[in-house]
Every structure is written in C-alpha cells, then in structure tokens.
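A.B. asks: Chain residues, written in single-letter form:
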Amino acid sequence: MAQLSSPTTDAMRRAVGPVVRADDVSLVRGGVWVLDGVTVRLDAGQVALCRGPNGAGKTSLLRVLAGLVRPTAGSVTLAVRQVDLVGHEPALHPDLTLAENLQVVAALTGRDHRDVDAALTHVGLGGAGGRRAARCSTGMRRRAEFARLRLTRPCLLLLDEPAVALDGDARVLVQDAITATVRRGGSVVVATHAPGPLADLATARWTVRDGSVTT
Amino acid sequence: MTADVMALLRTELRVERRTGGTLLVLAPYAVAALALVAITTGADLPLLRRLSPGLLWAVVVVLGVLTTMRQGYAEDPTRRDLLHLLGMRPEAVWIARVLAAATLVAALEVVLTVAAVVLLDLAVGDPLLHAAAVPVTALGLAALGVLARDLADGARSGVALVPLVVVPLAVPLALAPVQARAVAEAGGSGWTWIALAALVTTVTVGVGIAAAANLQEVAS
Amino acid sequence: MTPTARRARTGRDVAAVCVLAIGLVLAVTAPPDRLQGDLQRLMYVHVPAAWTGYLAFVVTAVASVQILRRRPLRQWDTLAEASATVGVLFTALTLATGSIWGRPVWGVWWTWDARLVTTALLLLVYLAYLALRRGIDDPEVRARRSAWLGVIAVVQLPIVHMSVVWWRTLHQPPTVLRPGDPSIDHAMLLALLVNVLAFTLVAWSLLDRRRELGVLRHDRERDAVTIPAGLAVTAPDLGTIDV
Numbered sequence: 007m008a009q010l011s012s013p014t015t016d017a018m019r020r021a022v023g024p025v026v027r028a029d030d031v032s033l034v035r036g037g038v039w040v041l042d043g044v045t046v047r048l049d050a051g052q053v054a055l056c057r058g059p060n061g062a063g064k065t066s067l068l069r070v071l072a073g074l075v076r077p078t079a080g081s082v083t084l085a086v087r088q089v090d091l092v093g094h095e096p097a098l099h100p101d102l103t104l105a106e107n108l109q110v111v112a113a114l115t116g117r118d119h120r121d122v123d124a125a126l127t128h129v130g131l132g133g134a135g136g137r138r139a140a141r142c143s144t145g146m147r148r149r150a151e152f153a154r155l156r157l158t159r160p161c162l163l164l165l166d167e168p169a170v171a172l173d174g175d176a177r178v179l180v181q182d183a184i185t186a187t188v189r190r191g192g193s194v195v196v197a198t199h200a201p202g203p204l205a206d207l208a209t210a211r212w213t214v215r216d217g218s219v220t221t
Numbered sequence: 116m117t118a119d120v121m122a123l124l125r126t127e128l129r130v131e132r133r134t135g136g137t138l139l140v141l142a143p144y145a146v147a148a149l150a151l152v153a154i155t156t157g158a159d160l161p162l163l164r165r166l167s168p169g170l171l172w173a174v175v176v177v178l179g180v181l182t183t184m185r186q187g188y189a190e191d192p193t194r195r196d197l198l199h200l201l202g203m204r205p206e207a208v209w210i211a212r213v214l215a216a217a218t219l220v221a222a223l224e225v226v227l228t229v230a231a232v233v234l235l236d237l238a239v240g241d242p243l244l245h246a247a248a249v250p251v252t253a254l255g256l257a258a259l260g261v262l263a264r265d266l267a268d269g270a271r272s273g274v275a276l277v278p279l280v281v282v283p284l285a286v287p288l289a290l291a292p293v294q295a296r297a298v299a300e301a302g303g304s305g306w307t308w309i310a311l312a313a314l315v316t317t318v319t320v321g322v323g324i325a326a327a328a329n330l331q332e333v334a335s
Numbered sequence: 006m007t008p009t010a011r012r013a014r015t016g017r018d019v020a021a022v023c024v025l026a027i028g029l030v031l032a033v034t035a036p037p038d039r040l041q042g043d044l045q046r047l048m049y050v051h052v053p054a055a056w057t058g059y060l061a062f063v064v065t066a067v068a069s070v071q072i073l074r075r076r077p078l079r080q081w082d083t084l085a086e087a088s089a090t091v092g093v094l095f096t097a098l099t100l101a102t103g104s105i106w107g108r109p110v111w112g113v114w115w116t117w118d119a120r121l122v123t124t125a126l127l128l129l130v131y132l133a134y135l136a137l138r139r140g141i142d143d144p145e146v147r148a149r150r151s152a153w154l155g156v157i158a159v160v161q162l163p164i165v166h167m168s169v170v171w172w173r174t175l176h177q178p179p180t181v182l183r184p185g186d187p188s189i190d191h192a193m194l195l196a197l198l199v200n201v202l203a204f205t206l207v208a209w210s211l212l213d214r215r216r217e218l219g220v221l222r223h224d225r226e227r228d229a230v231t232i233p234a235g236l237a238v239t240a241p242d243l244g245t246i247d248v
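Residue numbers (our numbering), protein chains in the order written: chain B, 7 to 221; chain L, 116 to 335; chain Y, 6 to 248.
Bear in mind the hints are in silico, worked out from the structure with no lab data behind them.
On a predicted model such as this, the values are computed, not experimentally measured, just so you know.
Even for Gly, the Cβ is constructed at its ideal location relative to N, Cα and C.
You may find that some hints are simply not true.
[To be verified] Which chain L residues face chain Y? A few, computed with CB under 8 Å, are given here: (1) Leu214; (2) Ala270; (3) Ser272; (4) Val274; (5) Leu279; (6) Leu284; (7) Val322; (8) Ile324; (9) Ala326.
If we strip away everything but chain B, and leave its shape as in the complex, we get (with noise of 0.2 Å):
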C-alpha cells in the first residue's frame, strides 16, 4: 500500500477531525430515494474508496458531499472551503479554449496565467492549450479537468468515475491527483466500480447499494 499517511497528516487528522462529515442523510430527487439514511466521515489524508453497482447513489453521495445538493434530510458539515469535484461530464464550454476554460478557473482562484500554462503541461496538454474544447478529444478533456485541480487545490477531492476515457499514461493523473491532494492534508473520495490500481491508495472503504453506506 502506496504511504499515504505521515507524521503531518496524522497530527493534522487528529487536530482538524473530519474534513466532511454526512450525518443520517437522505435524499429524494424525482419521487425517487436515492439516498437513505447515509452516514459517513472523512478525515485528513484518508482517501475512500465509494464502490457500488450502477444507480446505487455514488454519484449522488458526491454531490451532496460537495455541497452541490441539499440532502432531503440530514445534515453534511464540511470544514474546508476548497471542494473540487471531477464528474462524468467535462466542466468545460465548448466555444472557448482548454487554457480559456481554465483561465475562468484560475481569475476565481486568484491564479495566473502562468499557473494555468504549467497545469496543462502537467497533465501533457502544454500544447493543446488553445484547441476550443470542442475540437478535443474525450480523453484530452478530461485530462483538462485534471489541470484544474492544480489550480483549484481542493481540500477535498471527489472524483467520479476518474479514470474513464483515461489512456494508460494519463490514468496516472489520478493517482497524482489523489496523492498531491493526501499531501497537502486534503482527503479523497473515489467513487468507481473498477479501481484496478487505484485501490492500493484507498485507507477506506464504502460500499454504496441502494442509497445505503456501508463502511
């Protein structure tokens, strides 16, 4: 198992308590239950591992981790304010550029251009950087999402199906990205259901079934 944890992460573990923290939480949406009852916590440096069948709520549980949905009942504390999630559908206009795109990103973050030419070399984009969106290819824009993490920095990371439509030399990303995240203090939640190499780095494990948490 990849060393995730260190003196820093430990001390900040037991210092900070839980990055995110689902309490009892539900969630209706359409006439359907597809969260019921979830409660889960996340401390610094853990990164869990969400595996489930489809429409057992994976998606749903990181959404509403992220503050992006008010759960129907039940509560989510979160003690960070830096949340990024890396979902399945690209956050990206398709009339502007990959650096474009990321320029949006960067003016609300308070980086630069510099910071947003170095993300996209990171991620092996560095020459892709004024191709409109449209004219990627799947893969390139997902490696884009992965270059605006190194601008967004999240405390907490929340990927979605991570390594789809990944080749081989970028399915590293994720590990980098999950990895830069631990080191910083930040924690991880991966929802997927084939880790492959990814559940080496897992200090946790959720199985999701039918709007359900077990941990």
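Given the coordinates of chain B, work out where chains L and Y should sit on it, guided by the hints.
C.D. replies: For chains L and Y alone, kept in the frame of chain B given last:
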C-alpha cells in the same frame, strides 16, 4: 464578489464574441421582423412613422427575450456546479448572467433603432430619453428573461414557457419608452415613464437576486 | 374526510347555491341602468367573476410565500395550485362576459383598453404558472419554482385594478373600491355585493375540490417514494451465450 462577477461577465462576453451566435443571428432576424410589419401593413410611410416607436420596442421585447435563452458559460449545469465549487455565490452568478444578457439586448436595441430610423423613418425624439431607455429596458428584460429561464429550466415545454412568462411582464418596459417619447413630444416630461421602467427593472433584479440562492437549493 | 368536515362542506355548498339563487333574483329585479338598460345586468356576473379571480390569485400568492418560507407543501402547494386554477377560470369568465357585454355597448368584441389588456396579460401569466407546474415532475422543484412565479405574478393585480384610473380608458372607472362614496345605486350595489358573495362561495367550493385532488396527488407521489433507485437496476440477464 464584484471581481467574480466581472470575471464571469468577461467570460460570457468572450463566449459571445467567439460564437457570435446570439447577436449575429438575432439582430438580422429582428430587422426582418420590422421589415415584415412594414410590408404587410402596406408600407405606408406616414403610418409607419407614427407606429415606429411602438413597433421598435415591441420587437425589442419579443426578440430580446431570445437573447436570454442563449448557451452561455454559466447556463450549463455542470459549469454552474464548478462556479459553485469555486466559491462563487449564486447571486453573483445570476448577476453576471443578467449583465451579459443585458449587454446583448442593449446591442440589439441599438441595431433596431438604426433599422427603425432607416426602414420606418423613426424620429428618435429626445436622444437623452432614448439613451436612458436603452440600458434600463435592457437590464429589465434581461433580468426577467434569466429569472424566467431559471423557473422553466428543465420543465417540459420550458423553451416556450420563457417567452410566455416574460412578454406579459415586460409590457411596462416596452410601453415606457414609447410613452416617454409621446409625452416629451407633447411638451411634458417623459422621465416619469423612464422612472417607471427603472422601477420595474429594480424590482425584477431584486426578486431575481433573492430567488437565485433559493432556487439553487432544489437543484439536483 | 370526517363526517363533521363532510357536513361542513355540504353546508357550504348548499349556502353557495342559495346565495347564488338570491343573487340571481336580485340581479334580475334590480333597476336597469339609465344608459345601458338591461344589458348592464351582465355586470352582476362580470364584476363578481373579476373580484373572485383577483382573490384567488391573492390566495395563490399568500400560499406561495408560505412555500418559500418552507411550510408543509401538502397544505400550501396544493392550495396555491387549486387557487390559481380557480383564478384562471374566473378571469377567463371575466374576459368572456366583458367581451359579450362590450360588443353591443362599444360595438366591438375587444378593444385595446388598459383594463382589458392588463387583465388579459394577467390571465396569460397565470396560464404560464399552470403550464410550468405541469412541466415539472419533482414535487419540491415544482412547488418552489411555481411559488416564485406566484409571488411575481400577483404584482400585476394592483396594476390591473388601477389601470382604469391611471390611463384614460373606455372601461368603467372603479365604482366601489374608490375614494369617496360608491357611485352606484344602492339596490344595484346590494345585488352586486350578494353576487360577489355568491361567486366567492362557489369559488371556495371549486377550490376545495380541486385542492382535494392535489392532496391525493401529493400523497400518491409521497407514497411512491419507497423504492430506492438502485433496486430498479439489476444485473443484465444474458441467458446462455453460445460460443
């Protein structure tokens, strides 16, 4: 918050410049609408001259509402989620979206004014009154449109609902500049009417800001 | 429904019919208008319909505010919807009777008078309200969004009422709700007020029944939420695969 609003507004305008979709298509369409009215009413210039202020502002409302239904940066749910995660408040996102739409509506109003002067022999009257009417009505129409869009988002026949909600409520915005001009021509002060339009705009913007965060709560 | 509630409802329905009957008698026996003659008796339908429509929209607005204040949807959302439906019905009736009355008096079925126009716009926006509700499946989203529209749309009411004062119009200025003594014959006023009461009771009955439907729907939607989403998805059944 202001910096965030400006950053998003710049992005929206950049998207608009890049695609050119909204204004480049809508402006000619609006001019065509004016032309159609002229043709079907027999192209009687004195009659058209009299009707031109009303025609201008009617077309502004009916077509201006379409600018608010554009595919902007913040109109997509995934990107809106990202803005939320980046710490941008729903009210700030709403304001930026409205300002972007208002810019387009104002541009449309300018183009239509020129078209009406040329095609319908419109006499603009007091240029100050007209110049004041442009931003006030543009902002009001944009606010109504974006608010209606948020209410109808994802609803069946949502696309048709937005104009249906906006156009009746936008009547004061269309009426005010026309009446202001008529009153000024008769020797009175048209500014009362502009003030009325400003009131409608202010109330709409206020309601929109209040609704922005509230509606976000039930978004999935 | 409890027997007491059922009795109360029947009582109210009977009262509505009785008051309507009295109103009809008064409308027929009231003195004819000096200028318009018997034609003017349409006023005893047109004006109460308008008032009832306004009242219904005010109720929708109040219920909408309660929804935004996060009060129980079963009580307030059903009220908002039922009231808007009744409001649309009576406002349409207002426009129809107004048109029928206007044809012989003004010579046209419709005229671009401020009161008519603002009333027609009012109707359009509430039709949009009902269309919006019909287009959203999620009960929470539906309630919240239509509540905002319900609050916005009601702003038109004072405009509709004051339109005949603010703009020089063909339509009658306000006769009852205006500063000073009502400018109408007292026998006619009585007939008018009784019919207003009758229409209000009838509207209340309709609203009650419409709301009952809404509550049933609400309960059905709430009870349908028992199956977790995941159970709807199972492993694909591929049968035997021939190699």
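A.B. asks: Next, verify each hint and record whether it holds.
C.D. replies: Status of each hint after checking the structure:
A least Cβ separation of about 21 Å between L/Leu214 and chain Y goes past the 8 Å threshold, and the interface hint is therefore violated. At about 3 Å, the closest approach between the beta carbon of L/Ala270 and any beta carbon in chain Y falls short of 8 Å, and the interface hint on this residue holds. Given the 8 Å rule on beta carbons, the hint for L/Ser272 holds: about 6 Å separates it from the nearest Cβ of chain Y. With 8 Å as the threshold, the beta carbon of L/Val274 stays out of range of chain Y, its nearest partner Cβ sitting at about 10 Å, so the hint is violated.
With 8 Å as the threshold, the beta carbon of L/Leu279 comes within range of chain Y, its nearest partner Cβ sitting at about 5 Å, so the hint holds. Here the hint on L/Leu284 is kept, as its CB sits about 7 Å from the closest CB of chain Y, short of 8 Å. Contact between L/Val322 and chain Y, as hinted, is supported at the beta carbon level, the nearest pair being about 6 Å apart and thus within 8 Å. Checking L/Ile324 against chain Y: minimum C-beta separation of about 12 Å lies over 8 Å; hint violated.
For L/Ala326, the interface hint holds, the least distance from its beta-carbon to any beta-carbon of chain Y being 5 Å, beneath 8 Å.
Going through the hint list in order, the structure does not satisfy hints 1, 4 and 8.
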